[in-house]
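Asker: Take these sequences, add in the hints, and give me the full structure.
The listed protein sequences derive, respectively, from chains A and B. Just so it is clear: in the first sequence, position 89 is 89 by the numbering used here, and no numbers are missing. Just so it is clear: in the second sequence, position 69 is 569 by the numbering used here, and no numbers are missing.
Everything labelled a hint here was simulated from the structure, so no lab data went into it. Glycine included, C-beta positions come from ideal geometry on N, C-alpha and C. Be a bit skeptical, because a hint or two may be false.
To be verified - Partial pick of chain A residues on the chain B-facing surface, computed with a CB cut under 7 Å:
| no. | residue |
| --- | --- |
| 1 | Lys474 |
| 2 | Gly475 |
| 3 | Asp477 |
| 4 | Asp500 |
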Amino acid sequence: MLVDFRPTGKLRGNKPVDPTASLGPVLDALAEDSVDLSRIRVVCDWIQYRNNFRDVVDLRPILAAHGHESEVMPVALSAVMTSDEMEVAIDVRRSGDVPLKELTGDLIRAHAAGTNPSRLYLEPWRASSKSMIWEFNALYWKALDLWEQITGQQYEKTLPGGESDARNRDAVREIITSLFAIWDSLAERNALPDELYVVEFGPGNGSQAKTWLDEFTALDRVHGKEYYRRLHYLMCDYSPHVLEIARAAVADHSQHISSFVLDATQPRTALGFLAYKIFLVYISNVYDNLPTDEVAQIGGRTYTVESRAYLPTNAVADIAQLVSAQPGQVPGLINKLLRLQPALLVEALPAHFPSVDVAVEFWRRSWAALRLEEQYLPLVGLDLYQIAPTVSGENLRPLLESGAAIRMHVNNGAVASFVDTLPLLHPFGRLICYDLFVTDVHAYRTGFRGPGKYDGSVVNWLNGPLLAHIGRRKGFDVDFQRFAHRAGTNIVTMTAQVRD
Amino acid sequence: MLPVLPTTVVGSYSVPEWLERLKTDYYRNRISRSHLGEIHDMAIKAALKDQETAGIDIVSDGELRRDNDLDYLLARITGVHIPVTVKSFYFDYYDSPVVAEPLPLDPPLPLGLAEDFHFTRAHTDRPIKFSFTGPFSLSRRIQNKVYSKPADLVRALAQVLNAEAQALAAAGADLLQIDEPFLAGYPEDVGVAVEAINIVTRGVDVNWGLHVCYGNRYARPSWEGHYDFLFPAVLDANVDQLVLEFGRKGYEDLHVIQQLGWEGALGLGVVDVKTELIESAELIAARIRKALETFPAEKLTINPDCGLRHLPADVARAKLVAMVEGTVAVRRSLPENSGPVRPELIPAPTVEQGA
Chain A
1 MLVDFRPTGK LRGNKPVDPT ASLGPVLDAL AEDSVDLSRI RVVCDWIQYR NNFRDVVDLR
61 PILAAHGHES EVMPVALSAV MTSDEMEVAI DVRRSGDVPL KELTGDLIRA HAAGTNPSRL
121 YLEPWRASSK SMIWEFNALY WKALDLWEQI TGQQYEKTLP GGESDARNRD AVREIITSLF
181 AIWDSLAERN ALPDELYVVE FGPGNGSQAK TWLDEFTALD RVHGKEYYRR LHYLMCDYSP
241 HVLEIARAAV ADHSQHISSF VLDATQPRTA LGFLAYKIFL VYISNVYDNL PTDEVAQIGG
301 RTYTVESRAY LPTNAVADIA QLVSAQPGQV PGLINKLLRL QPALLVEALP AHFPSVDVAV
361 EFWRRSWAAL RLEEQYLPLV GLDLYQIAPT VSGENLRPLL ESGAAIRMHV NNGAVASFVD
421 TLPLLHPFGR LICYDLFVTD VHAYRTGFRG PGKYDGSVVN WLNGPLLAHI GRRKGFDVDF
481 QRFAHRAGTN IVTMTAQVRD
Chain B
501 MLPVLPTTVV GSYSVPEWLE RLKTDYYRNR ISRSHLGEIH DMAIKAALKD QETAGIDIVS
561 DGELRRDNDL DYLLARITGV HIPVTVKSFY FDYYDSPVVA EPLPLDPPLP LGLAEDFHFT
621 RAHTDRPIKF SFTGPFSLSR RIQNKVYSKP ADLVRALAQV LNAEAQALAA AGADLLQIDE
681 PFLAGYPEDV GVAVEAINIV TRGVDVNWGL HVCYGNRYAR PSWEGHYDFL FPAVLDANVD
741 QLVLEFGRKG YEDLHVIQQL GWEGALGLGV VDVKTELIES AELIAARIRK ALETFPAEKL
801 TINPDCGLRH LPADVARAKL VAMVEGTVAV RRSLPENSGP VRPELIPAPT VEQGA
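Answerer: The following block contains the structure:
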């Protein structure tokens, strides 16, 4: 049996964690069962998100391929292992508050029986990036106004520091000043284009665009080159409603603003005409909110993580009662919520949802109770796993090749967005992204990096080494710096620009 | 005998992901130089077969032995010191090659390109284009610690390449192409570049091409602009053909090139190598017909904009097939007397036996 205690930093300090408090009851439960202990690995994490998708203890089958049907392809056609192995996952942070031995025993018995009566499943096994949680995430952004009404809190106020780091004026001035330097240099060589393009993905309420443009005009006035006259600031979002709000915020700069409805994972569908023309692509807190798979290296083999969403049955009764439904109807109602959104749900199913408030409360409670069950599915070849269109899983190889056990994000949505954005950059252009980045693969071995719940959205850290590797393969230097303009932040600035 | 509007490639051919991985594995000491050489041999044979199957008239070895446009040559030039020969990705350039002593030029030591040509010759009966990076572009990645003027390093490199060109001609090469991918970034240096090109071509009696594009590093353009920067200097270049990029940028520069006095042949870029979208044969034909409004058919060779290195193999093959089909369609629409031309361009190939 292998025990992987990841939050090693918690074993020291003022309040060191006692690992035996977590491991002891779990090992006792395993020992009392007839399960083959040599095929068990125990993984301890410290789930720092108060709201997340995991139970305190869970079992994750490590699948051999035989007989397994999955939406994730490809699977190994012939199994190397003769039977499944098992991972037991413990959240050390919460393990002191629950009867861990009993819970573990229940899970083992449920696994042996092939069904878990304490879980109401909402979907079949899927690649993590296809999980229902991303539909919840999309709903949050589409119906943010309704969510904020119910919770009484604006999204931006829930961010650390109370505002997006993209609004930090020192950071904005630094970027604009460096842009001026590039433009001055190009102008000297008579190579400065007439039109100067800056693009922002995910403008939110437009406040960061306003900060940026206000600072730009002020600095340009001092600089004296009239770059503002040539500037085109493009705001891009998949929500026309968001763009409308953002446009109102930058009304003072309306002559220099264009807005585009687009999917952040495919920016060239709308911006293809700007290939090699954009000097700055500006992204703040977007990538961490895009769908991601996870891959794991276990026992020298590579797996993808499959998940299926469920509700604990002890939470379902309460949710069902709220909407005058039987517990068995809840999965169907959740699917309708995700398809129709709260306002239409009221029209479609008035017997269950007499008002929008009830629909939003149903949404909020379902989201709060939502959990993910996981299993590991083997990959036969990295080249056959597609990270994103045109990006094969071969790009994961340098991060996995040590063979050491690791589980990490693939950040499929972020990678798709990143590789589809790079061709838009002018040879002297830059992509600047503020987000939560893991900058060293080793960090995945010692800390939990998501997914967690952030208000009504999903949050994940981003696999910086993977993005850097992919960027490098496309001719870009990718650099990570801790956000310099606010103390104590986890935000990292990723900058990509053409090398050579 | 080549047909009118012969089709060819610029040089490099698709490098599949598995080959990239193996090339990178070499730098991590996971496979030997010997095995990598065998892999390259197999890949080159496949590339030749792909081109033949697509119907390309003048084929190349796909430059598949080369990591990129510079390192293969720089690493072989005596006097160029490469302090760090490890790479994390094979396609990256070596960091900071240095020339600290004058290059030995009496005579320059061979680079081994003739052996590469021999291999290609032995595995195809089609005419071959053999390309190598020109002295100006090679010089741009070198730290020059010995020559007082950058131009002197360019001239010295040109002499090395001249000796190599003589060896290639002696090996049977009859169509050589000098690539200058960095030139568009330094338009003020065209004069030096042309002077060096004339050193390379001096005394080498083959058909010479000069390829100038706007860069294809990592499938991105490195520069933007127009081909007027080449003139008038390029009119003094002792080359028979300019091989230029038009498919991506458009054909406006054709008039500029004609009006500024270019009377030689033109390698017409009709395939955008920076997109995986496959041009239709009809589009290719339309591009050629557009060029025929400015240049006569007997002066045109049809090729992609640049090397196909960054395209997936299936895309590269499909683009070449479309290029050939589009060209054939145009040929059929030409007057009867436009038939096979330029037998002087490519002498009948000689196939080595038993190789």
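Asker: Regarding the hint that Gly475 of chain A lies at the interface with chain B, is the smallest CB-CB distance below 7 Å?
Answerer: Since the shortest Cβ distance to chain B is 3 Å, the answer is holds.
Asker: Taking 7 Å as the limit, does the beta-carbon of Lys474 of chain A come near enough to a beta-carbon in chain B?
Answerer: Because about 5 Å separates Lys474 of chain A from the closest Cβ in chain B, which is inside the 7 Å limit, the hint holds.
Asker: Is the hint on Asp500 of chain A kept, meaning its closest Cβ partner in chain B is under 7 Å away?
Answerer: Holds. Min distance 6 Å.
Asker: Does Asp477 of chain A pass the interface hint, meaning its C-beta sits closer than 7 Å to a C-beta of chain B?
Answerer: violated (11 Å)
Hint 3 from the earlier list is the only one contradicted by this structure; the remaining hints agree with it.
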